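**Student:** So the chains spell out like this:
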Amino acid sequence: MSLPAAAREALDAFAACPGWEQRARLLMQWGERLPALSESERSEANRVHGCESQVWLVAERQDGHWRFRASSDARLIRGLLAVLLARVEGLDSAQLQQLDLPDWFNQLGLARQLSPSRSNGLNAVLQRMRELAKTP
Amino acid sequence: MPITSPWRADFPGILALAAEGQTYLDSAATAQKPQAMLDSLLGYYAGGAANVHRAQHLPGERATRAFEATRAKAARWLNAASVDEIVFTRGTTESLNLLAYGLEHLFQAGDRIVVSALEHHANLLPWQQLAERRGLELRVLPLDDHGQVDLDQAASLIDPRTRLLALSQLSNVLGRWQPLAELLALARARGALSVVDGAQGVVHGRQDVQALGCDFYVCSAHKLYGPEGVGLLHGRRQALQRLRHWQFGGEMVLQADYQHAHFRPAPLGFEAGTPPIAAVIALGATLDYLAGLDAEAVAAHEAALHAELLAGLGRRDGVRLLGAPQVALASFMVAGVHSADLAHLLTEQGIAVRSGHHCAMPLLKSLGLPGAIRVSLGLYNDGEDLARFFAALDKALELLR
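Top to bottom, those sequences are chains H and X. Position one of the first sequence corresponds to residue 1 (our numbering), numbered consecutively onward. Position one of the second sequence corresponds to residue 1001 (our numbering), numbered consecutively onward.
Since the hints were made in silico from the structure, they are not lab data. Small disclaimer: the values here were computed from a predicted structure and weren't measured. Here a beta-carbon is modelled for each residue, glycine too, at the ideal position from N, C-alpha and C. Do not rely on the hints blindly, as some may be mistaken.
Said to hold, decoys possible - A few chain X residues that don't get close to chain H, going by computed Cβ distances all over 10 angstroms: (1) Pro1275; (2) Pro1370; (3) Phe1390.
Claimed, not checked - What follows is a list of derived Cβ distance ranges for each label pair: (4) H:Pro18 to X:Ala1304: 45 to 53 angstroms; (5) H:Glu41 to X:Gln1022: 38 to 46 angstroms; (6) H:Gln127 to X:Thr1004: 44 to 52 angstroms; (7) H:Val58 to X:Asp1288: 36 to 44 angstroms; (8) X:Thr1004 to H:Arg112: 28 to 36 angstroms; (9) H:Gln62 to X:Arg1401: 36 to 44 angstroms; (10) H:Pro102 to X:Glu1296: 18 to 26 angstroms; (11) H:Asp92 to X:Gln1035: 55 to 63 angstroms; (12) H:Asn106 to X:Ala1019: 52 to 60 angstroms; (13) X:Pro1002 to H:Pro18: 30 to 38 angstroms; (14) X:Glu1132 to H:Arg112: 34 to 42 angstroms; (15) H:Arg25 to X:Ala1019: 25 to 33 angstroms; (16) H:Val58 to X:Glu1296: 53 to 61 angstroms.
Unchecked claim - Below, a list of computed lysine to any residue pairs in the SDA-like style, where the Cα atoms sit at most 25 angstroms apart: (17) X:Lys1395 to H:Arg33; (18) X:Lys1395 to H:Ser115; (19) X:Lys1395 to X:Thr1347; (20) H:Lys134 to H:Ser43; (21) X:Lys1365 to X:Leu1157; (22) X:Lys1073 to X:Gly1048; (23) X:Lys1395 to H:Asp92; (24) X:Lys1365 to X:Asp1152; (25) X:Lys1365 to H:Arg75; (26) X:Lys1395 to H:Lys134; (27) X:Lys1365 to X:Asp1145; (28) X:Lys1365 to H:Glu39; (29) X:Lys1395 to H:Trp20; (30) H:Lys134 to H:Asp92; (31) X:Lys1395 to H:Ala15.
Chain H with its partners taken away, still in its complex shape (with noise of 0.2 angstroms):
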């Protein structure tokens, strides 16, 4: 499965990154990327419960293709959710269901932003997304 163009580009920009502060200030780039949601979409229903920061995600399914956008008050978040998306853009649920999202976050170094201790939300998003999959 070829990588959506999107997700070719974080997957450079992050392998190229000599470090943490590097890292740190892409992944605030990524997250001004996102557009922002609408005070309707950050409702309560969209809202995935993280711990600190607020986190939303807006699910749609256009001909059987996922479309997803999502936003958080934290920035570093909205990074991780900027790389997340860039990879799930236009999946179906099949591939959706597949995807190793995981390790998508390893290939790009951030794989401590997923270890269970972190309340950070980012688990919860993938936990929604995999349950969404597996909707008809």
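Use these hints to put chain X onto chain H, whose structure you have.
**Tutor:** Chain X in isolation, oriented as in the chain H frame:
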């Protein structure tokens, strides 16, 4: 002059973390352990394990003696009137749940339980749930700007219908000693039982349960440089006598037949099943270690570190402290910066601090904060730990602003 800790080398954990590039400033969550405790843990298992209170054989006798020696050391540490006033539990949380179940029979619908606005979930939820079970009113004492229970309001809120007052001695978020003498006097005057959550307070200075005059005092070993899985419940003799048994099983029973049983009084009546023997014995080793330290020197060291922490935070633009911390820790947020972002970048730099709601969601909500960063200190921390923290904080803020 840089602040150094003469006790740092006694704690292999802090040295190992430092060698790994980790600056550990989360001792209010759990503390590193002295070598003496590790030796004791290994010594017990390596020397031959045995169950306590049950066997007449030599290994069992040896284990029981060591186990009960910790009870005596804990009683001395807290200046309890008697060793029989010390019950071993799994931790502060279990101690508080034991109380909420064991005292339940004393409450009737409409009675009041009073807690403060800063309680850790462990000293809120057991009482909240008891209130729901029994139709009680749970009252919450408000705080002043320093993060201390407001005594004027407490005087009217703790009224004759108050049956129990449950308070933290030292807030795990605000780092402020609570005015226990006044509040406990109010409870006594109303005939209410009193419970003090000493999870944080017990770590900083010696506490004297007789001088405090509370009915129950609870704490955990793991924050006091001891092992996990052990907590203390101190109860005055008369207060312990009012507790109903709550967990049933081995060793807490005097006489049992198929339909009925009679139970032991405290402490063993509240220690059903095999206790964490090694951990209890190891807590004894920790208490011996701590008792051997120069208490004044420890207090002076902790005060100097804390002053440096507050001064450094105070010098940085936009930093806002939660309350006015007096010891051990400081929680803060930075204007215009999400604490989750700050936590992320501190973690990247090997700074182990806590971020979030610190198990006190209602308190953080009442302050209007989604979370805060907490830096907390142990006696092994030194000025270099703080210097590394501040350098990382500056770097993080530079990136985020």
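**Student:** Now tell me if each hint is right for this structure.
**Tutor:** Quick rundown of the hints versus the structure:
Its beta-carbon lying about 28 angstroms from the closest one in chain H, proline 1275 (chain X) satisfies the requirement of being farther than 10 angstroms from that chain. At roughly 5 angstroms, the least C-beta separation between proline 1370 (chain X) and chain H is not larger than 10 angstroms, which violates its mark as non-interface. Under the 10 angstroms C-beta cut-off, the non-interface status given to phenylalanine 1390 (chain X) relative to chain H holds; the minimum distance is some 17 angstroms. At about 38 angstroms, the beta-carbon gap between proline 18 (chain H) and alanine 1304 (chain X) misses the expected band of 45 to 53 angstroms.
With their beta carbons about 39 angstroms apart, glutamate 41 (chain H) and glutamine 1022 (chain X) fall inside the hinted range of 38 to 46 angstroms. In this structure the supplied range 44 to 52 angstroms holds for glutamine 127 (chain H) paired with threonine 1004 (chain X), their Cβ-Cβ distance being about 46 angstroms. Distance hint check for valine 58 (chain H) and aspartate 1288 (chain X): the Cβ-Cβ separation is about 59 angstroms, which falls outside the suggested range of 36 to 44 angstroms. Distance hint check for threonine 1004 (chain X) and arginine 112 (chain H): the Cβ-Cβ separation is about 32 angstroms, which falls inside the suggested range of 28 to 36 angstroms.
Remark: the range hint 36 to 44 angstroms for glutamine 62 (chain H) to arginine 1401 (chain X) is upheld by a beta-carbon distance near 39 angstroms. At roughly 51 angstroms, the beta carbons of proline 102 (chain H) and glutamate 1296 (chain X) sit outside the given window of 18 to 26 angstroms. For the pair aspartate 92 (chain H) and glutamine 1035 (chain X), the beta carbons lie near 58 angstroms from each other, so the given range of 55 to 63 angstroms is met. The hinted window of 52 to 60 angstroms between asparagine 106 (chain H) and alanine 1019 (chain X) is violated, with their beta carbons roughly 26 angstroms apart.
A hinted range of 30 to 38 angstroms holds for the C-beta pair proline 1002 (chain X) and proline 18 (chain H), which are about 32 angstroms apart. The supplied range of 34 to 42 angstroms is met by glutamate 1132 (chain X) and arginine 112 (chain H), whose beta-carbon atoms lie about 40 angstroms from each other. At roughly 29 angstroms, the beta carbons of arginine 25 (chain H) and alanine 1019 (chain X) sit within the given window of 25 to 33 angstroms. Our hint of 53 to 61 angstroms for valine 58 (chain H) and glutamate 1296 (chain X) holds, since their Cβ atoms are close to 60 angstroms apart.
At roughly 24 angstroms between alpha-carbon atoms, lysine 1395 (chain X) and arginine 33 (chain H) fall within 25 angstroms of each other, so this suggested pair holds. A threshold of 25 angstroms between alpha carbons decides the hint, and for lysine 1395 (chain X) with serine 115 (chain H) the separation of about 24 angstroms falls inside it, so the pair holds. For a cut-off of 25 angstroms, the pair hint linking lysine 1395 (chain X) to threonine 1347 (chain X) stands: about 12 angstroms separates their Cα positions. As the CA atoms of lysine 134 (chain H) and serine 43 (chain H) are separated by approximately 23 angstroms, the hinted pair is consistent with the 25 angstroms bound.
Between the alpha carbons of lysine 1365 (chain X) and leucine 1157 (chain X) the distance comes to roughly 22 angstroms, so the proposed pair stays at or under 25 angstroms and holds. About 22 angstroms separates the Cα atoms of lysine 1073 (chain X) and glycine 1048 (chain X), which keeps this hinted pair within 25 angstroms; it holds. At roughly 42 angstroms between alpha-carbon atoms, lysine 1395 (chain X) and aspartate 92 (chain H) are farther apart than 25 angstroms, so this suggested pair is violated. Simply put, lysine 1365 (chain X) and aspartate 1152 (chain X) have alpha-carbon atoms about 23 angstroms apart, close enough for the 25 angstroms limit, and the pair holds.
For the hint pairing lysine 1365 (chain X) with arginine 75 (chain H), the CA-to-CA distance comes to about 21 angstroms; that is within 25 angstroms, so the pair holds. As the CA atoms of lysine 1395 (chain X) and lysine 134 (chain H) are separated by approximately 43 angstroms, the hinted pair breaks the 25 angstroms bound. At most 25 angstroms may separate the alpha-carbon atoms for a hinted pair to count; lysine 1365 (chain X) and aspartate 1145 (chain X) meet this at roughly 15 angstroms. The straight-line distance between the Cα atoms of lysine 1365 (chain X) and glutamate 39 (chain H) is roughly 21 angstroms, inside the 25 angstroms bound, and the hint therefore holds.
With a C-alpha separation of about 12 angstroms, the suggested pair lysine 1395 (chain X) and tryptophan 20 (chain H) falls inside the 25 angstroms cut-off, and the hint holds. This hinted pair checks out: lysine 134 (chain H) and aspartate 92 (chain H) have alpha carbons roughly 11 angstroms apart, not beyond 25 angstroms. Straight-line distance between C-alpha atoms of lysine 1395 (chain X) and alanine 15 (chain H) comes to about 23 angstroms, which keeps the hinted pair within the 25 angstroms bound.
Comparing the model with each numbered hint stated earlier shows that hints 2, 4, 7, 10, 12, 23 and 26 do not hold.
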